[in-house]
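Number of protein chains: 2
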Amino acid sequence: MLEKYISAAAGREKAELVLKNAAYLDVFCGVIRKGDIAVVGGKIVGIGSYEGEKELDVSHLTVLPGYIDGHVHIESSQLSPEEFASLIVPRGTTTIIADPHEITNVCGKAGCEYIAKASENVPLDVKIQLPSCVPATPFETSGAVLNGKDTEAILKEGYIYGLGEFMNYPGVINCDADVIKKLEAAHARGKIIDGHAPAVYGETLNAYLCGGISTDHECVYKEEIDEKISKGMYVHIRHGSSTQNLGNAKCMTSANMRRFILCTDDRHAADLKEKGHLDDALRRLVADGVDPIAAVTCATLNCAECYGLKYKGAIAPFWAADLVVVDNLKNFNAKYVFKDGKLVAKDGKPLFDTSKRYLPENVLNTVHVKTLKPEDFTLTLKGKKAKAMTIEPGGVVTGCEIVEVQSVNGDVDVKGTDILKMAVVERHKMTGNIGKGLFKGYGFKGGAMGITIAHDSHNIILLGDDNAALATAANKLKEIGGGMVLVNSATGEVDSVTLDIGGLMSSRDAEGLQRDSKALIEKAYSMGVKRELEAFMSLAFLSLAVIPKLKLLDTGLFDVEKFSFTDINAE
Amino acid sequence: MLEKYISAAAGREKAELVLKNAAYLDVFCGVIRKGDIAVVGGKIVGIGSYEGEKELDVSHLTVLPGYIDGHVHIESSQLSPEEFASLIVPRGTTTIIADPHEITNVCGKAGCEYIAKASENVPLDVKIQLPSCVPATPFETSGAVLNGKDTEAILKEGYIYGLGEFMNYPGVINCDADVIKKLEAAHARGKIIDGHAPAVYGETLNAYLCGGISTDHECVYKEEIDEKISKGMYVHIRHGSSTQNLGNAKCMTSANMRRFILCTDDRHAADLKEKGHLDDALRRLVADGVDPIAAVTCATLNCAECYGLKYKGAIAPFWAADLVVVDNLKNFNAKYVFKDGKLVAKDGKPLFDTSKRYLPENVLNTVHVKTLKPEDFTLTLKGKKAKAMTIEPGGVVTGCEIVEVQSVNGDVDVKGTDILKMAVVERHKMTGNIGKGLFKGYGFKGGAMGITIAHDSHNIILLGDDNAALATAANKLKEIGGGMVLVNSATGEVDSVTLDIGGLMSSRDAEGLQRDSKALIEKAYSMGVKRELEAFMSLAFLSLAVIPKLKLLDTGLFDVEKFSFTDINAE
Numbered sequence: 160m161l162e163k164y165i166s167a168a169a170g171r172e173k174a175e176l177v178l179k180n181a182a183y184l185d186v187f188c189g190v191i192r193k194g195d196i197a198v199v200g201g202k203i204v205g206i207g208s209y210e211g212e213k214e215l216d217v218s219h220l221t222v223l224p225g226y227i228d229g230h231v232h233i234e235s236s237q238l239s240p241e242e243f244a245s246l247i248v249p250r251g252t253t254t255i256i257a258d259p260h261e262i263t264n265v266c267g268k269a270g271c272e273y274i275a276k277a278s279e280n281v282p283l284d285v286k287i288q289l290p291s292c293v294p295a296t297p298f299e300t301s302g303a304v305l306n307g308k309d310t311e312a313i314l315k316e317g318y319i320y321g322l323g324e325f326m327n328y329p330g331v332i333n334c335d336a337d338v339i340k341k342l343e344a345a346h347a348r349g350k351i352i353d354g355h356a357p358a359v360y361g362e363t364l365n366a367y368l369c370g371g372i373s374t375d376h377e378c379v380y381k382e383e384i385d386e387k388i389s390k391g392m393y394v395h396i397r398h399g400s401s402t403q404n405l406g407n408a409k410c411m412t413s414a415n416m417r418r419f420i421l422c423t424d425d426r427h428a429a430d431l432k433e434k435g436h437l438d439d440a441l442r443r444l445v446a447d448g449v450d451p452i453a454a455v456t457c458a459t460l461n462c463a464e465c466y467g468l469k470y471k472g473a474i475a476p477f478w479a480a481d482l483v484v485v486d487n488l489k490n491f492n493a494k495y496v497f498k499d500g501k502l503v504a505k506d507g508k509p510l511f512d513t514s515k516r517y518l519p520e521n522v523l524n525t526v527h528v529k530t531l532k533p534e535d536f537t538l539t540l541k542g543k544k545a546k547a548m549t550i551e552p553g554g555v556v557t558g559c560e561i562v563e564v565q566s567v568n569g570d571v572d573v574k575g576t577d578i579l580k581m582a583v584v585e586r587h588k589m590t591g592n593i594g595k596g597l598f599k600g601y602g603f604k605g606g607a608m609g610i611t612i613a614h615d616s617h618n619i620i621l622l623g624d625d626n627a628a629l630a631t632a633a634n635k636l637k638e639i640g641g642g643m644v645l646v647n648s649a650t651g652e653v654d655s656v657t658l659d660i661g662g663l664m665s666s667r668d669a670e671g672l673q674r675d676s677k678a679l680i681e682k683a684y685s686m687g688v689k690r691e692l693e694a695f696m697s698l699a700f701l702s703l704a705v706i707p708k709l710k711l712l713d714t715g716l717f718d719v720e721k722f723s724f725t726d727i728n729a730e
Numbered sequence: 160m161l162e163k164y165i166s167a168a169a170g171r172e173k174a175e176l177v178l179k180n181a182a183y184l185d186v187f188c189g190v191i192r193k194g195d196i197a198v199v200g201g202k203i204v205g206i207g208s209y210e211g212e213k214e215l216d217v218s219h220l221t222v223l224p225g226y227i228d229g230h231v232h233i234e235s236s237q238l239s240p241e242e243f244a245s246l247i248v249p250r251g252t253t254t255i256i257a258d259p260h261e262i263t264n265v266c267g268k269a270g271c272e273y274i275a276k277a278s279e280n281v282p283l284d285v286k287i288q289l290p291s292c293v294p295a296t297p298f299e300t301s302g303a304v305l306n307g308k309d310t311e312a313i314l315k316e317g318y319i320y321g322l323g324e325f326m327n328y329p330g331v332i333n334c335d336a337d338v339i340k341k342l343e344a345a346h347a348r349g350k351i352i353d354g355h356a357p358a359v360y361g362e363t364l365n366a367y368l369c370g371g372i373s374t375d376h377e378c379v380y381k382e383e384i385d386e387k388i389s390k391g392m393y394v395h396i397r398h399g400s401s402t403q404n405l406g407n408a409k410c411m412t413s414a415n416m417r418r419f420i421l422c423t424d425d426r427h428a429a430d431l432k433e434k435g436h437l438d439d440a441l442r443r444l445v446a447d448g449v450d451p452i453a454a455v456t457c458a459t460l461n462c463a464e465c466y467g468l469k470y471k472g473a474i475a476p477f478w479a480a481d482l483v484v485v486d487n488l489k490n491f492n493a494k495y496v497f498k499d500g501k502l503v504a505k506d507g508k509p510l511f512d513t514s515k516r517y518l519p520e521n522v523l524n525t526v527h528v529k530t531l532k533p534e535d536f537t538l539t540l541k542g543k544k545a546k547a548m549t550i551e552p553g554g555v556v557t558g559c560e561i562v563e564v565q566s567v568n569g570d571v572d573v574k575g576t577d578i579l580k581m582a583v584v585e586r587h588k589m590t591g592n593i594g595k596g597l598f599k600g601y602g603f604k605g606g607a608m609g610i611t612i613a614h615d616s617h618n619i620i621l622l623g624d625d626n627a628a629l630a631t632a633a634n635k636l637k638e639i640g641g642g643m644v645l646v647n648s649a650t651g652e653v654d655s656v657t658l659d660i661g662g663l664m665s666s667r668d669a670e671g672l673q674r675d676s677k678a679l680i681e682k683a684y685s686m687g688v689k690r691e692l693e694a695f696m697s698l699a700f701l702s703l704a705v706i707p708k709l710k711l712l713d714t715g716l717f718d719v720e721k722f723s724f725t726d727i728n729a730e
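In the order they appear, the protein sequences are chains L and S. Be aware that the first sequence starts at 160, since it is given in my numbering, and climbs by one per residue. Be aware that the second sequence starts at 160, since it is given in my numbering, and climbs by one per residue.
It is possible that some hints are incorrect.
Which copy? The list can't say, so a pair holds if one copy fits it or any two copies do.
Stated by the list, open to error - Calculated pairs, PhoX-like style, for lysine-lysine (alpha carbon to alpha carbon, straight line, at most 25 Å): (1) K340 / K163; (2) K315 / K350; (3) K350 / K163; (4) K268 / K434; (5) K469 / K315; (6) K350 / K469; (7) K637 / K532; (8) K193 / K381; (9) K173 / K501; (10) K501 / K635; (11) K286 / K677.
These are calculated hints, taken from the structure and not from any lab test.
Based on the provided sequences and hints, a complete structural model is requested.
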């Protein structure tokens, strides 16, 4: 193959494809240059004056390296990898570092394999990071457990690129034996390990880094970013749906710029479809005053360097012909996207078929619960005062507020208040576990709502003011094999959207799913859910016991700061 | 081991060593920070406030990452790897990318093995690049031939890090089958390939890069540097003895800075001892106005990134405790040098033993010639006009000048002119080959001088104005097993310095070798060698058929630009 590249580069043979009259971004020097870009066999072979078998005039457009998403959970799109690709590739993303943390928590290793195999038939380079925290904490019931030994075994499989975000930072810092085994297994195979250590500083951060952890996408404070970069981490600039830290880009200097990379982490299909993927991050960054060339470099070369992706992230001879042709560096509208030298999207539309889905049995039918009754949701308190969960702006960090509630016949009655009953129903192993709690400030009234996406163990999470509606919601989720549900006590209506893949993702096309989801979400808002919240997806973070402060697990109410269970009674 | 790092980082256990009150360079952010640097088991484990079993107060000093030489031929020091380390480690260099091109051209694979094994007992990380051009051209006689198949086989051996400088750029550009085999063998094993493509531009450069070649240390022109960096190459800033391009640093911008790395390529023992190694490059760069932090970053992080040296080139938790403690960022005097956390040099002196040398038989006794007679140096021309080699400032590029010479009895007589006879005597395979030519402007008179270092095939190269002296010089080199020789026709004196390892390097200590070499060099200058030339080392480049313009090989006079032999007769 080298001969073909070299012969075309030297002009002795015609290139397969030439982008004529390109203005292109040279990420190495941070300038826009001009030339014809010649492509052979999936690689750029030359920039200069070239002729090709096919030629595409790109005058007045700007050619950029294909974007690389440094950290993404495909599951958060609620789409299959094929359909996910159909949304992000036309936006200019050609490579992702995918951490199938969610589906692996539901389906174990089969979840990883599914994401890897389903990605094979789409023109998107998907590097799989083996989830490091399955389950995320030992306190809850997940669908699978991957211990150190499992991790070591799976890391040997060819399709695993690295080790996913190490959220169990206390485990690292305190040298938990199984954590150490996972880290050492990754180092033994030279794998990069992603980090997750919000607001960890000083000697504690040093200890975390001594696990050999390379990145952090949870940074938000300037001093945190500075310290993490100074200690060798790459810091993500994140453009998720719920979690955003585009402001991190304000901490970039010409000296530290190479240590910033872009990612989306968790991004919904609706945002992907309506706003975009990394193209939207770039648009927003540039609108915020970030130098467009620096921004694109974070999304390309920097990310490739961080993850050791050789010959990716730049436009140069011998580098991958993963290219996005945009209108300009303000709007970043992708006119053409090339993956390995092939035109795979045009004017925002994919040119590849995603109708064939890889759908193995072992990621389907994952909601295993007994049929629930209204009395399963009875919540008996010792007195009137109880701890209620609240939600902070941003939708991931929760608070704890002492509230006063009424009880009737030994069961909390929240009707007509701004407080809801909350329940987490274990759905993997039929344990019958139901964690119960209270939530203040969601706004929802007159029924129940629920979802089988509940980070990170993905049990059923429910909110409601009516035991019967809560039971109906849970039973509906069982019936449809996972998804989102909304029960209106007054009308008796039960609406739902099915997420058949692990209870997390839909095997349908993005458009249908999005239309139905949107309708359901609007219905939830019409039942009072506050507009500043994501109607269903904000629910999904209320079980996430690695993010402060108060969370609800299938096993009970959990104080993240004390890292232990806590009593709901506050008197 | 991770537990030990983490426990010390967290402050639960004392570190093995702490550099207290350090001002240290954070290469990620380009700033000097302060803190105690804690070290355990060869790694930095933390920066902050630490206690150690051993503590060293470094107040008023500055701690830098150990320097990395991005491209060096140890052989050019004329020292064994052990002795070479004893000179450069105390200067602050802790890692080198070594290309044993010279000794491999003499001894084949055994030369590579020798450098690798001899380096094992010194506190210097030596990454071996397998020479890609053995011989450098097919036109000359070298001691060994490594073809594509050989290259493929040797690359599989664990000690080989990458593929050395690909000087045969016409071979790459023209898809020479054996060249392609070498390149593909390197790519198949994910090896980095060093480049060497002076003044190659445009589509020709594209073709060269399509070989998958990553670096260039031959750059000198701004437009050349810009183009090479824009096309994905790392560009070396070189501080050799004969070859210098420190001026390349003037082309650094904040955007392209990460693509510059430092190297020495070829540097004599005398320079290493008297002026220094990369410390001297840094001193010179800073004196020339280069930002000291940028300069050190080129010598550390950038080089580590270029060569994929994980956790090297920065001061951060989990990174190698390869550290140099300097007085300041102007003088770069190394007060302490740590390799893998161990103090290995202090105040410019090595603290390790280099007296035990690894000296395998297969790199000794490498001068294989028959005894030569004066008449072997007879040079018969067709007329008076002939091509004479000249030397350009810098000492590597040669020119061609048409000169008029006298002949007596069918033999050129150069006595009393500024022209010398030149001879290249094949010394590996007893072929009896003697290439003959003329040289103008060396200044030497009254005898002969010679050396067994003659890039890249390392035959015997001789200059002189007296056939008897030329024969004596060659015979003396045979007798001593390689080295440098100076014959004074008037006094009959024959002085020499022995280079017993491959005829290139001495197994002696640096001090003794340097003293004797200096005396010999001074004697050569006293016999007229121009002071702007390196008395003997300038000779060593007159056979180098990959650098313009006129060169002399054992097989005859060679026009590099035409890449073919040329007739000495100019009428």
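Each hint, compared with the structure:
{"no.": "1", "hint": "K340 / K163", "result": "between (45 Å within a copy, 14 Å between copies)"}
{"no.": "2", "hint": "K315 / K350", "result": "both (11 Å within a copy, 21 Å between copies)"}
{"no.": "3", "hint": "K350 / K163", "result": "between (32 Å within a copy, 20 Å between copies)"}
{"no.": "4", "hint": "K268 / K434", "result": "neither (32 Å within a copy, 58 Å between copies)"}
{"no.": "5", "hint": "K469 / K315", "result": "both (21 Å within a copy, 20 Å between copies)"}
{"no.": "6", "hint": "K350 / K469", "result": "both (14 Å within a copy, 11 Å between copies)"}
{"no.": "7", "hint": "K637 / K532", "result": "within (13 Å within a copy, 100 Å between copies)"}
{"no.": "8", "hint": "K193 / K381", "result": "between (37 Å within a copy, 18 Å between copies)"}
{"no.": "9", "hint": "K173 / K501", "result": "within (16 Å within a copy, 57 Å between copies)"}
{"no.": "10", "hint": "K501 / K635", "result": "neither (44 Å within a copy, 65 Å between copies)"}
{"no.": "11", "hint": "K286 / K677", "result": "neither (30 Å within a copy, 58 Å between copies)"}
Hints 4, 10, 11 from the list above are not met by this structure, while the remaining hints are.
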